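Two chains, two frames, some hints: make the complex.
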Amino acid sequence: MEADRKVKLVLGFGDQRREIEVNVPAEDPIPWDATTKFSVVGTAAPRADGVAKVTGRAKYTHDMNLPGMLYGGFVRCPVAKATINGIDWSAAQAHPGVKAIHDFKVKQTRYAHQHLIAIAAESRQALEQAIALVKVDYKALPHAARFEQAMVDGAPQVHANRPNIEAYSPSGREKAVQEAMQSADKVVEATCTTQVQNHCSLESHGIVAHWEGEQLKIWASTQATFGVRRDLADAMNVDEANVQVICEYMGGGFGSKFGAGYPGLAAANLAKLSGRPVKVMLDRREEMTDVGNRPDSVQTMKLGVSKDGALGAYKVDIVGTPGVGRGAGARNPMIYAFEDRLVARTERAVATNAGAQQAFRAPGHPQGSFALETILDLAAEAIGMDPLEFRIKNDPHPTRKAQYKDGGARIGWKNRKPNGSEAGRFRRGFGVASAVWYQIGQPQGAEVLCRILRDGSVQMRNGSQDIGTGTRTLMQIIGAEELGLSLDRVVPFIGDTRDPIGPGSGGSVTAPTVAPAARQAAYLAGKELRAVVAKAMGASADDLAFSQGQVVHQKDATKSMAFADACKLIDQGEISALGKRSKNFQAFEGTVGGVQFAEVEVDCDYGIVRLKKVVALQDAGIIINRRQAESQLNGGVIQGISYALFEERVMDRQLGQMVNADMEMYKIAGAVDMPEIESVLYDVSNGGNTTGTAGIAEPTMIPTAAAIAGAVHNALGVRVTSLPMTPDRVLAALAQKEKGK
Amino acid sequence: MKNFDYARPQDVQSAAAALGKAKGSRPKGGGTDLITLMKSGVLTPPLVVDLASIPGLSGVSRLETGHFRVGATTTIAEVAEHPELARVARVLTDAAATTATPLVRNRGTVGGNLCQRPRCWYFRNLDYVCSKKGGQTCYAAEGENKYHAIFENVTCNIVHPSNLAPALWALDATIHVAGPTGEKSIPVADFWVRPEEDISTENVLEAGEVITGVSFAPEGASTGSAYHEVREKQSYDWALVNAAVRLDFEGEVVKEARIVVSAVAPIPLRLEACEKILKGQKFSDALAEAAGKAASGGATPLRDNAYKVHLIEKCVKNTILDAARRAKVRSGEPR
Ligand SMILES: Cc1cc2nc3c(=O)[nH]c(=O)nc-3n(C[C@H](O)[C@H](O)[C@H](O)COP(=O)(O)OP(=O)(O)OC[C@H]3O[C@@H](n4cnc5c(N)ncnc54)[C@H](O)[C@@H]3O)c2cc1C
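As they're listed, the protein sequences go chains A and Z.
FYI, the working numbering numbers position 465 of the first sequence as 465, with every residue one higher than the one before it.
FYI, the working numbering numbers position 210 of the second sequence as 210, with every residue one higher than the one before it.
Bear in mind the hints are in silico, worked out from the structure with no lab data behind them.
All values reported here derive from a predicted model rather than from experimental measurement.
Certain hints may be false.
[As the list claims (entries may be wrong)] Per the computed footprint, the stretches of chain Z lying under chain A, defined by three or more beta-carbons under 8 angstroms from a beta-carbon of chain A, are:
(1) 138-148
(2) 279-293
(3) 307-316
[Stated by the list, open to error] Not the full set, but computed from the structure, chain A residues with beta-carbon under 10 angstroms of chain Z:
(4) Pro78
(5) Glu212
(6) Ile668
(7) Ala671
(8) Glu676
(9) Glu678
(10) Pro724
(11) Asp728
(12) Leu731
Ideal placement from N, C-alpha and C gives every residue a C-beta, glycine not left out.
Chain Z extracted, bound-state conformation (with noise of 0.2 angstroms):
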């Protein structure tokens, strides 16, 4: 590992200023992912700033507005254990609960799960100059490509490894930021950065920038809301295809509804091919299963991959029928 300073600053306007001063320098929330580029050599940050010691940026707290914010430094096993978000973000803890190993849940945190660099092979292996770092070609294409994109992989293979983001996108969740010029807050849907327009990243965040927290409403009466992911073993693993949901109805049909997939592309998709198939629609398996057909529009699997295009119709239908349940549109205990 290369050497590097350290910070621990006391509020976020300190923690941005410094990160802006030195090209590449990193926050850390638990640094289970940092640590491990920096070992690498993937990452070779000037400096390290520890959000961990900031007050304020840990927990969750309900708004004014009635909305839920979670703190960026939260970790991911107090959303996974958290009763009320349970209650109102269903999505969002099954998600969180099924994040990596209790290890890892109990370090990693909110803002770190979003941020996370992807796990493809080449990326994370220095000996590889793929073009995500700065060099001309995207080895995943042509080479062992079992894990990676199925869509939108025209430039580059990876897929989005956060857990927490399709489920924040299902919640219709707002990112909130600071940065060297002040707060702003971002909706999920306009955080992520795709290849072609900027390869090194994923997300939208200028140097300097960190994220505060994440706010959502919380789910109503009428809404459910589920998460699953396809893995290959059911100890830690990580996902081949996963599917957030969140499903609002008026009595039996429909009203509004949010399919956010992951693990299947450079960033989180939402599919609103599939939501339109739902919506306005009374709720029967046979919707679901069509909704589901319905998510595999436009795949372009590689070599290896292309059985992750049947993953993604069957993981989609069975989190519908989830969150059906859940609302007690359709009978039955979610899985």
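Only chain A is shown next, with the shape it has when bound in the complex (with noise of 0.2 angstroms):
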């Protein structure tokens, strides 16, 4: 067994490095560090399933059809609250078409079409008029499925053993944030209210099961093969080792696709009942109601600041609707910028009769985002400083420095005038704001597996999921590196349990866990390689390295040999090498930044917030591949200006139904709604791990409606306090500002 080595390693990015000394496992490569030369990683690397996606040749679990295959769909109540004292499905049971029926057993119902049971059918047809079979005999009961109807006093109770708010402990810094409160030069407040969002995935919820004997066989649309493995190997109560499941490519989830869910163990249920194949997809309303959202907000705060621009004391109370979920807290990301003693957060959860939450790309931080750097812009008016100046001025981290200042630049600061100078029908502002993430990866989260074959081909193989961030392309990059191919020559397999294991893909973890083991991998593959070349040749396996598709001898040009040629020395067919992910070292930073920039143009006539430029820059560590970590910050900036402007669900007080659970009311920003967005990436070589990688889809979200309402701020000279900025509450707040003056 060789030794750990102590490898020197120069981190940071610009004129911002430094020096660490890391301890690295004897099968790692020396990590990536800012001296390393690259050949592909870093390029605009085009995705390894493009083609396939475009073409339609990639098969998404909707497009799943076996032979034999039944539908599976759900009966649901339409009430919001309801005590179910029966479920007569005799008459769809006697439909011709109908194979299988679940009984979910809901005795109590706490949202408008939760779901009861489960039907398999020869066709959505027969499924349907089925489901139009069955009659449920309900008892509705007075429910609370907005926020006010479940914050009042002798509001119905939405779970019969707790109350409806939750409140989690005080922070206990109560008492010093008050009597620093008092000593501060300026004290602002705000109150900021963001609106429950749904993830709305393209491609909805759904699963294919299919029982070959003890075995089962799924095609979900997740972001955790393993997840769903487990989770239907414990439902039904087999061996994980006879659960395989397959997500080769999948349309979306963004938080809301980590276990089976319920309908996954519809379809593993009643396709174990029919005998059958059974797929269940949702609809649209079903995707809406009854698989997560993202939580509502109120936040009230408070500030202390003083002349010069120093942040003082910070309290915030936040109060959220997680519906018959759990936790509905708003993270304040910006929250860095404080010292922790002074600041005060109280949180309380209230229940509701609508669906649960689920995570949702950052959970708690756009809203947290959007209320903290409101109350920061409110500050900085008070005592008339530049906002962008205010936060560089606060901001400690390195990496966000750097950005707002280049930010700046880019979006053209220097045409911002004071808030609420514009005059006339159309304003112009410019806002700005940011973001942390945490990401570098999990420990052990991830093994992948490198074959290299006689005929030159190299594979990379893990069982994991690629959400469309690009995980796929994400391990071809990293062996084609490694062992110094181009792209082509590497084929990366991903999405299916019978390969190694790997991460769900939550919190932006899946590339820094991934990409160090497949780095790992493609080196032990590399190494045996180098050997059985070295042996050939009679020379030191340590004098042979990997370069633009040969194996080349360092010290003799003349003996280098091409990649397909020294595969051919293989005896044994291949050499395969299990890479693991090894633990976390030191990273440059604990965190990643991200500054965003927007301008914007109100319509005064009609309330009309319209984008003229967004500046996204953020920090991904080192990047492995730019046009993908490009596409998730241009992704992020489009669904946080969706966020910003356009989507709410939309809870009816009467019946307790959403009534916008569809893509026509549930409104989501299009092509026409977006401006230029320059995405910036910030290369910082950023240790941590063998790569270098850092997660990069959440934080790319953070910020942009905080930084939209910031330039409306700026052009009105007054805030919206309320998301999404329709042209209702814009004309609310003009009109709050002439009432005022």
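What follows is the structure, given as structure tokens:
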């Protein structure tokens, strides 16, 4: 066994570099750092599956059609709260197309469209007919589907065993904060509200289940293949080894697709009962009402600030509704700007008769960002300081410090006029907000198999999923980099639990977890190949390296040979090596930084916010694939714009249904709503793991709404404190301002 | 979706005859609205009669009278992109171009656009047995009513969804109808039915009657027209309010004005009070402003839609200004 090595790394970016010494385990290659010369890493590589996707050759769960397959669907209860006295499905069962019925045994429903039973039928049409034949005997009960209905005294209790309002323990710093507040030069206050946002993945939740004896084969639209495997093994009482989950392609999850969920349980059970494969795909309304959302929030804040712009104490009270789920906290991402002891935070979750919240791209952060950046802008205004300068002064993060200056130049911050100095119908404004993220990957979170075949081709295999973020291509790039090959020689495989373990795609962990394992796999396989070649040519393996499709002899170039020829020397058919994910080591900063700027034009006749430009700057460690990282950044901004201006779940106060449970009245930004988006990646040699990779998917959406709100504030001279910033809300803010004059 | 019969007749008479037979049967243009409502179960026609294959029902033509005729199955896209219509009926081509998505414009027809059902989220949800669907309650009155009516909203709070309707009214168009008893022409002003008269429909068509086309006089050289709508998204979205304006000038004096608004009441509304302010007056921005202010007269907003009162004032004003720009009475480019 070789020993660990001590290695000096250069981490950081630009003129902000520092040297650190780390211990590298023997099985790992030397970590990449600021001195590494790359061949494919960091280029704008095309997606490995791009052609398959645009030609329709890529088969999503939705596309799976097996011989004899049945269609599964649900009977649901239309009211927000009810006691289920009985369900009579005899007529459905008698329908010739119906092959199985699974009862979820629900006695009490707590939100509209809660699932009661699942039916499998020969066709979609037979399924619809069967669903219509089921008679549900229910007694509607008073409900609290909306925030304000659940908050009032005497509100209908959502859960039998606990009150609607669940308070989390206060920080215990209230006294210190109150004292500090008294000595502040200025104290500003604000209350911000944010809406419930739905995930709206283009591919809905869905699973195809197929039993072959004791073996359960599953196709799932999921962001956690191994999570689905575990869930279904547990639920169906079979060994995990007997469950295979396949997700080669999937159409988005954003946090809502971690487990098998009830659609998975329905499919597996119906398939078992009927002895036929069963497909369950939710329709749009089901997707909107019964698989999760981002909770709303009301955040009441108080902030002390000194005349010279130093932040003082900060007090925030956060209330949000998780529906029938738990936890609705808004995270305040800019919290790093404050001294811990001067932050007092209270949080309450208010249960409502609505679908349970789920993780959603940077849970808690966009709402927290919207509120905290609001109070920061108000504080800057109160002391007459430029909001950008205010942030540069208070934000300690080296990457963000650079991004504030860089982004300010790109958006044209110098053209920004004082708040509210524009007049006329169309008013321009500029805003800024920032993001933080934490992920450098999970130790032991992934294994990647690298196979070098005698024909000179290389496979990189991992069983987790590519949720659109580009994990498949990432493995390809890393294999190619490590083995000195072009991308077309490396074939990545992803999305089958028969391949090695990988993480669920949450918290932006996938890339920083998989990449180092992939690198170790390619490194170890390459090491074996070097040994084979060394033996054949009578050289030392240490003198051999991989570069430009060659096994290069570093001392005697005449001995170098093509990679493909080298592979012919492998006797046992192939080389394969399993790369594991080692522990993390010290990173440049504990967190990555992002800053976004927005320029808007507000039509004051109509209260319409039109975006002119967004500049988004984001650090994600060493960038593996520039094209996809930029795409992540664009995607985060697009979703952030949609959250800022349009998206909002509307719950009816009467029957308690979501009345806009479709893609028409639940409004999502379209192409015409998009401004120019300038996505700027910050290549920070990050350390932390052997590829220097950090997660990017989530921070990209955090500051967008807040930056837009800042720009609207600048244009109008009044803050719109409520999301989404639709005409009614913008006009109300303008009217408020008029009244104040 | 409930099973249904499907017919593709070759002439209007057979279409009307087929539709007259089974109660609840529906004609189909592009099907972009009809099929959605059939999927959700709000409409359950026993028979769908496709008008698409009837020869002569589609296209733009000029009549002997000099009027223009647009066939009922002409697509919204064809209207939007028609160069001649853009010269003689700009209010209509603008309204068409602003409608829905390229996909829907390519399929949706003029007849279907006028007869599409309201987008009220209670009306379109089968679980809400609202007064329009034969129940006792208008759920929008006390419920979630941000997008609902601010005028004439006593019995029912829907807003009329058609973009083409106010534009055609601004042109004083005629709607041509064929039915079991023959053909007739209805001035667009007389086409609409208020909920108080019959809550189950929005227009005067009887069972078996289909629109065959619309016709209108072309705008003259001293006429300017414009259509504006305010909506949350700039990509496809429904109007929060819209306005269609036609102004006939004599020099700088407004000789005749048509101001029609929609998305604010169960049917499109002609605002004669606003027209009166303009008529016989020398055009000015202040005049447009005054007419805009008058547009909200008599509004009865609900809990969540008072902002529309402000919007209709501004929208009418801005549309008037653009109509005047089109007639070259006011300078500047229409927006
Ligand atoms: C995403 C989306 C956005 C939209 N946005 C807008 C918008 O901004 N503005 C707007 O105006 N519209 C909008 N629409 C609606 C769209 O314009 C209509 O769906 C379309 O115009 C209907 O035309 P169609 O030919 O498809 O009608 P169909 O669906 O075929 O018919 C609609 C109704 O009219 C009846 N009908 C059809 N033809 C005739 C006829 N000749 N005589 C009598 N009755 C007839 C049918 O029986 C049915 O009841 C939108 C639609 C969608 C899906």
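With a cut-off of 10 angstroms, does the beta carbon of Glu678/A approach a beta carbon of chain Z closely enough for the hint to hold? Since chain Z brings no Cβ nearer than about 20 angstroms to Glu678/A, farther than 10 angstroms, the hint is violated.
With a cut-off of 10 angstroms, does the beta carbon of Ala671/A approach a beta carbon of chain Z closely enough for the hint to hold? Hint holds; Ala671/A Cβ to chain Z Cβ min 6 angstroms, cut 10 angstroms.
Glu676/A as an interface hint toward chain Z, with CB separation required under 10 angstroms: Violated: closest Cβ of chain Z sits about 15 angstroms from Glu676/A, beyond 10 angstroms.
When the least beta-carbon distance from Leu731/A to chain Z is tested against 10 angstroms, hint result: holds, 5 angstroms
Status of the hint placing Pro724/A at chain Z (closest C-beta pair under 10 angstroms): This hint holds: Pro724/A lies near chain Z, its Cβ roughly 8 angstroms from the closest one there, short of 10 angstroms.
Does the nearest C-beta of chain Z fall within a distance shorter than 10 angstroms of the C-beta of Pro78/A? Holds: closest Cβ of chain Z sits about 4 angstroms from Pro78/A, inside 10 angstroms.
Evaluation of the interface hint that places Glu212/A against chain Z, nearest CB under 10 angstroms: At 34 angstroms from the nearest chain Z Cβ, Glu212/A fails the 10 angstroms test, so the hint is violated.
Hint Ile668/A vs chain Z: min CB-CB distance below 10 angstroms? holds, 8 angstroms
Taking a Cβ-to-Cβ distance below 8 angstroms as contact, does the stretch 279-293 of chain Z have at least three residues touching chain A? Coverage by chain A is violated for the stretch 279-293 of chain Z (0 residues, Cβ < 8 angstroms).
Hold the hint about Asp728/A up to the distance rule: shortest CB distance to chain Z must be less than 10 angstroms. Holds - the Cβ of Asp728/A comes within 10 angstroms of chain Z, reaching about 4 angstroms at its closest.
Under 8 angstroms between beta-carbons, do enough residues of the stretch 307-316 of chain Z, three at least, approach chain A for the coverage claim to hold? Satisfied; 5 residues make the cut.
Establish whether the coverage given for the stretch 138-148 of chain Z by chain A is satisfied; the threshold is a Cβ-Cβ distance below 8 angstroms, and no fewer than three residues must meet it. Since 6 is at least three, the answer is holds.
This entry does not satisfy hints 2, 5, 8 and 9, going by the numbered hints stated previously.
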